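Visitor: Read off the chains here:
Number of protein chains: 2
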Amino acid sequence: MISSSDDNEKLFVIKIGGNVIDDAVQLDSFLTHFSKIDNKKILVHGGGKIATSIGNQLNIQSNYINGRRITDDKTIDLVTMVYGGLVNKKIVAQLQAKHCNALGVTGADANLLPAKKRPVKEIDYGWVGDLRDEDIDAKNWKLFLENDLAPVVAALTHDGNGHVLNTNADTIASVIAVNLSSYYDVKLVFCFEKNGVLLEVEDENSVIHKINKENYLTLKKSNKLFAGILPKIDNAFDAINKGVNEVIIGNSSHLSSLIKGTGGTKISL
Amino acid sequence: MISSSDDNEKLFVIKIGGNVIDDAVQLDSFLTHFSKIDNKKILVHGGGKIATSIGNQLNIQSNYINGRRITDDKTIDLVTMVYGGLVNKKIVAQLQAKHCNALGVTGADANLLPAKKRPVKEIDYGWVGDLRDEDIDAKNWKLFLENDLAPVVAALTHDGNGHVLNTNADTIASVIAVNLSSYYDVKLVFCFEKNGVLLEVEDENSVIHKINKENYLTLKKSNKLFAGILPKIDNAFDAINKGVNEVIIGNSSHLSSLIKGTGGTKISL
Chain A
1 MISSSDDNEK LFVIKIGGNV IDDAVQLDSF LTHFSKIDNK KILVHGGGKI
51 ATSIGNQLNI QSNYINGRRI TDDKTIDLVT MVYGGLVNKK IVAQLQAKHC
101 NALGVTGADA NLLPAKKRPV KEIDYGWVGD LRDEDIDAKN WKLFLENDLA
151 PVVAALTHDG NGHVLNTNAD TIASVIAVNL SSYYDVKLVF CFEKNGVLLE
201 VEDENSVIHK INKENYLTLK KSNKLFAGIL PKIDNAFDAI NKGVNEVIIG
251 NSSHLSSLIK GTGGTKISL
Chain B
1 MISSSDDNEK LFVIKIGGNV IDDAVQLDSF LTHFSKIDNK KILVHGGGKI
51 ATSIGNQLNI QSNYINGRRI TDDKTIDLVT MVYGGLVNKK IVAQLQAKHC
101 NALGVTGADA NLLPAKKRPV KEIDYGWVGD LRDEDIDAKN WKLFLENDLA
151 PVVAALTHDG NGHVLNTNAD TIASVIAVNL SSYYDVKLVF CFEKNGVLLE
201 VEDENSVIHK INKENYLTLK KSNKLFAGIL PKIDNAFDAI NKGVNEVIIG
251 NSSHLSSLIK GTGGTKISL
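Protein chains in written order, with my numbering: chain A, 1 to 269; chain B, 1 to 269.
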């Protein structure tokens, strides 16, 4: 993967979680800020609680093994409906109203995200897809971005054999960001419910503004960081090592400042 | 609308109904034939019985006034999920497996089909959209077609104010066909459960192979045509008057012969 140079145009790849999707007021405010981003942009989303609630009404049980959700036949239909249909198209229609020319997609559309069904070892995860950076073709992503479309990506991929696959939204955002870093100066933004990486997990004002490889080692040694955030930071460095310019972690309510670089935690080399 | 000349490239706009979508074997066979069409192509679909069946499980009542379905808040969510998510993405994933680079869209995506919410007069149809030819911009349709993508269109439009709208799939297919007839030699294909326009409604072998304005008058006068088919033929002539080259009506099981021009009923000037 070629490192992006400063000459490349900026691209923001932004991932939102269920907390934004489940709250109509928060979602509307987020989409207003998203629509105002002047640069090229991609939004990646999952489904929030609405999938579970509709699943309950349809008597689709959520099955977990070792804390991981199993995607059986009924569940993949459920998430295809809810992520790929209800949530995706509502976001697209709302962005259109805000004059952002959104194009809602899954990884099956235009073969944007071909994946492999996770092999069955101890656990059969069902219709879950694993993505490899090298399987992604940037051609259609670039086609959409170069024609002023903002892809809105539901967290679904496909296996090339006719099946939609459930795939982690963080992974999708990272893989897209890494792939497009050959062509754009990519900033990968993970929105969640906290203000950033916190030095004191209960103190929203203790945001660490910058993490680089050096101070990350010191922070880890100090044992101050909340254990749950470590994989996120490791994944961020992984994306950066593969060409992403910067990873920003912060609160979805503060999108503008995350984009401007004045809020959240910036992770870079 | 400029008439398409023979120099233009061929484009097939093909509409399928619920009978194909509800039958997995029939759908698979139809998609195999669709994937083999060498020309540019667009597929338009509704939702079939699956929307009603999921609606029943979710306790969403189907409300009809004067035989027309009313699209209330819950119903627009239902059809957005089922048409725009479940049905659309299943078709797209299956076409990808058949090496057809499908792109699943609704009219909200890329602002492909901006519509007007139907005004409330005697009846409030709810979230139903009416399309006008002149509101459609061909730009993104052409972008997708020129880049070897096959749009798969769920029968949904949007109002530009953040709402998805339910819109008749026949109308959507016609409006797309008319708009793109300025750029392509458009063949508009309506697939249904009969072999074509029948001279004897119970005899599938009595297909009228060609209808033009002249013999249509004679046919109408003879009172032999099934009354239900007359609006379809009138709409076909309307599309032809606005630039569509030919309208073909026939059985979805015979897609290849409809495309080759050896099956179904061809309607032209």
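Among the clues, some could well be false.
[As the list claims (entries may be wrong)] The calculated lysine-lysine pairs, modelled on DSS-like cross-linking and capped at a C-alpha distance of 25 Å, are: (1) 98(A) to 98(B); (2) 142(A) to 98(B); (3) 74(A) to 142(B); (4) 74(A) to 10(B); (5) 36(B) to 139(A); (6) 10(A) to 49(A); (7) 74(B) to 139(A); (8) 121(B) to 98(B); (9) 260(B) to 139(A); (10) 49(B) to 74(A); (11) 98(A) to 232(B); (12) 74(B) to 49(A); (13) 98(B) to 117(A); (14) 98(A) to 139(B); (15) 74(B) to 98(A); (16) 232(B) to 142(A); (17) 139(A) to 116(B); (18) 194(A) to 213(A); (19) 49(B) to 36(A); (20) 142(A) to 139(B); (21) 49(B) to 98(A); (22) 232(B) to 98(B); (23) 74(B) to 116(A).
To be clear, the hints were calculated from the coordinates, so they are not data collected in a lab. No experiment lies behind these values; they were computed from the predicted model shown.
Visitor: Now look at each hint and say whether the structure bears it out.
Guide: These are the hints, each one checked on the structure:
no., hint, verdict
1, 98(A) to 98(B), "violated (37 Å)"
2, 142(A) to 98(B), "holds (24 Å)"
3, 74(A) to 142(B), "violated (36 Å)"
4, 74(A) to 10(B), "violated (40 Å)"
5, 36(B) to 139(A), "holds (23 Å)"
6, 10(A) to 49(A), "violated (32 Å)"
7, 74(B) to 139(A), "violated (38 Å)"
8, 121(B) to 98(B), "violated (46 Å)"
9, 260(B) to 139(A), "violated (32 Å)"
10, 49(B) to 74(A), "holds (17 Å)"
11, 98(A) to 232(B), "violated (37 Å)"
12, 74(B) to 49(A), "holds (17 Å)"
13, 98(B) to 117(A), "holds (18 Å)"
14, 98(A) to 139(B), "holds (20 Å)"
15, 74(B) to 98(A), "holds (24 Å)"
16, 232(B) to 142(A), "violated (40 Å)"
17, 139(A) to 116(B), "violated (34 Å)"
18, 194(A) to 213(A), "holds (22 Å)"
19, 49(B) to 36(A), "violated (40 Å)"
20, 142(A) to 139(B), "holds (17 Å)"
21, 49(B) to 98(A), "violated (34 Å)"
22, 232(B) to 98(B), "violated (31 Å)"
23, 74(B) to 116(A), "violated (35 Å)"
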